[in-house]
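Asker: So the chains spell out like this:
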Amino acid sequence: MNLQLELPGRKQSLLLPNPVMTASGTFSFGLDKGHGFNVQDLGAIVTKTVTLRPRAGNPQPRTAETPAGMLNAIGLQNPGVGALVRDIAPKWARWRVPVIVSILGATVEEYGRLAERLEGMPHISGIEVNISSPNATRGGMEFGQDPQAAAAVTAAVVRGTTLPVIVKLTPNVTDITEVARAVVDAGADALCVINTLQAMAIDAEARKPVISTVFSGLSGPAIKPVALRMVYQVASAVDVPIIGCGGIACGTDAVEFLLAGASAVQVGTATFVSPSAPIDVLNGLKAYMADHGIDDVASLVGAARV
Amino acid sequence: MKQIVATVTENARLYGNTYVTWFAAPELLRAAVPGQFLMLRVTVAEPDCRLPCDPLLPRPFSFHRLREGPDGTEWSLLYDVVGRGTQWLASRTPGDAVACWGPLGRGFSVRPTSQQLLLVAGGVGVAPLVWLAEAALADNKSVTLVLGGRSAEQIYPASQLPAEVEVIVTTEDGSLGRRGLATEDFLEHLEWCDQAFACGPNPMFQAMARVMHGNAPRRPVQVLMEEGMACGAGICYGCAVETKKGMRLVCKDGPRFDLRDIF
Ligand SMILES: Cc1cc2nc3c(=O)[nH]c(=O)nc-3n(C[C@H](O)[C@H](O)[C@H](O)COP(=O)(O)OP(=O)(O)OC[C@H]3O[C@@H](n4cnc5c(N)ncnc54)[C@H](O)[C@@H]3O)c2cc1C
Ligand SMILES: Cc1cc2nc3c(=O)[nH]c(=O)nc-3n(C[C@H](O)[C@H](O)[C@H](O)COP(=O)(O)O)c2cc1C
Ligand code: FES
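Protein sequences appear in the order of chains W and X.
In terms of this note's numbering, the first sequence has 243 at position 243, counting the first letter as 1, and numbering is strictly consecutive.
With positions in the second sequence counted from 1, the corresponding number in this note's numbering is that position plus 1000.
To be clear, the hints were calculated from the coordinates, so they are not data collected in a lab.
Even for Gly, the Cβ is constructed at its ideal location relative to N, Cα and C.
Don't take every hint at face value.
[Stated by the list, open to error] Once the Cα atoms are required to be at most 30 Å apart in a straight line, the calculated DSSO-like pairs of lysine-lysine come out as:
#1 W:LYS11 x W:LYS91
#2 W:LYS33 x X:LYS1245
#3 W:LYS91 x X:LYS1002
[As the list claims (entries may be wrong)] Only some residues are given here: those of chain X computed to face chain W with a beta carbon under 7 Å:
#4 GLN1003
#5 PRO1026
#6 CYS1053
#7 ASP1054
#8 CYS1231
#9 GLY1234
#10 GLY1238
#11 MET1247
[As the list claims (entries may be wrong)] Which stretches of chain W does chain X cover? Using the computed rule of at least three CB atoms under 8 Å from a CB of chain X, they are:
#12 20-32
#13 70-84
#14 175-187
#15 266-275
Just need the whole structure built from these sequences, with the hints factored in.
Answerer: This is the structure we're talking about:
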């Protein structure tokens, strides 16, 4: 059974042993041991988004449960790229699983500087450009909602790195294909579709918003149909590989994203619900392939497109 | 952390709105200490990999107590019914299966030299302190447990505690024990205790901190913090609290903290 896939890059390709990765912000830096499976068996680890300077994140409450989903406004709490380079990256030294570092800048220039900081680091296989977080006061989603700004950020990162560049898109736009085309034209090697949907919850008893920042990001099974639709649309619009993300919780979910046109998938919120979710998704995908006599995972990509 | 399916062996309302549920799943206790917690799914455990959708997130609970059962050591949870998850848990019957994983976080650490222990419980915060009390007694230490609550319905029955534990009851409305707050005699207790442990709402910790900031005897005070959790595993950053040493995750760096690092 061939699960390997190559995400061809303009300067360097990213070879994934299989198409199942962790989603940014839902697996920290891959170093916590609480999940009970071997992270080396995954297709890739995508880190929590890092910024130039450390960030403390938002006040509590930061999370809330919603029907089949959750809201979060973590606020990009992270130790900063300096600590990542100095303290965290060396711990990946003997890893076989590729590590993709997610970055977010407050300005176009900051994105470029972040890419430069990661250039030449031996244990990093790719960069995921977060222009889609609804939880940044500056940067993040405001870039992802404007095709020109999204292209400028992408170009700045591409200039600063030889690593494969994945741009992570926000669903909080009228036409996601516009932004997708703009970032691919600017040099994106692959796209991650989607980040969280901007949302809110109100406590009827307290008569106030539940999350401290009022608005937050919705994730989990509730957003899967939206994510699937957007993967399908983006796959029609661009020629680069797409990494599907949003509500994936089992092997069948992953298969559906591949059929819609994704080449790989990321597992996020499901890992909170079941610590072994990423590996369960991979095993579920393998079981599906075995049951259906499929030898090469690539043959599923886009197979449901009409 | 491998997710396991624990079998309910007993489930009952113990007092007021507070329930105790016993589980047979000794493997979950591996190297666990009082003050640690587990994550528990509040939906029927599904055999296939499809995850439950609603309620989606697992809930954190402290280990309450241990006992020997026919299949090894059993553990229990003590909880107030406050929402859908705890309602679901309270309606389990013996034989039911519940998905959970643990032990998680950092529990209490009793100094070998501490002989006289003070335990302060606010409401259902008594849950993790009962195992701590029993473990300390087994270690030949002496234990005083202050139980505080709004009224008698919130007070853990002293009859459920080992006779060796000295119990002091305080209620805000005076319906049981002394009228007042669990922390009112804290300064006095600090005179004789070697180490103190507390679990309850933040205002209770703040009251204790105010006492410590005065010219109280310097004693190590450990508190169990609570914060809304999505993962319980240090990967979502949902449970962060600001401490004097910077941002910390309650689920991974805690839930046990030194009081002086928090307030
Ligand atoms: C480390 C840790 C250990 C815990 N141990 C225990 C225990 O031993 N016994 C016990 O009774 N409870 C304990 N809790 C709290 C327990 O997790 C919540 O009461 C439970 O998740 C509520 O679930 P629910 O679905 O019934 O309520 P929900 O429907 O989720 O919530 C009902 C109401 O309770 C509030 N609420 C929910 N979770 C919390 C929370 N963590 N803190 C404050 N308010 C909350 C909600 O805002 C809401 O108003 C612990 C929490 C933590 C973080
Ligand atoms: C608690 C939490 C934190 C997140 N943090 C980040 C982040 O730092 N960077 C990012 O690009 N996406 C972040 N995300 C979004 C996820 O990577 C993912 O795109 C989204 O949750 C949808 O996938 P899911 O439904 O599988 O969770 C976060 C999501 C959650 C739930
Ligand atoms: S609950 Fe997820 S980091 Fe603590």
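Asker: Looking at the structure, which of the earlier hints fail to hold?
Answerer: 5, 14
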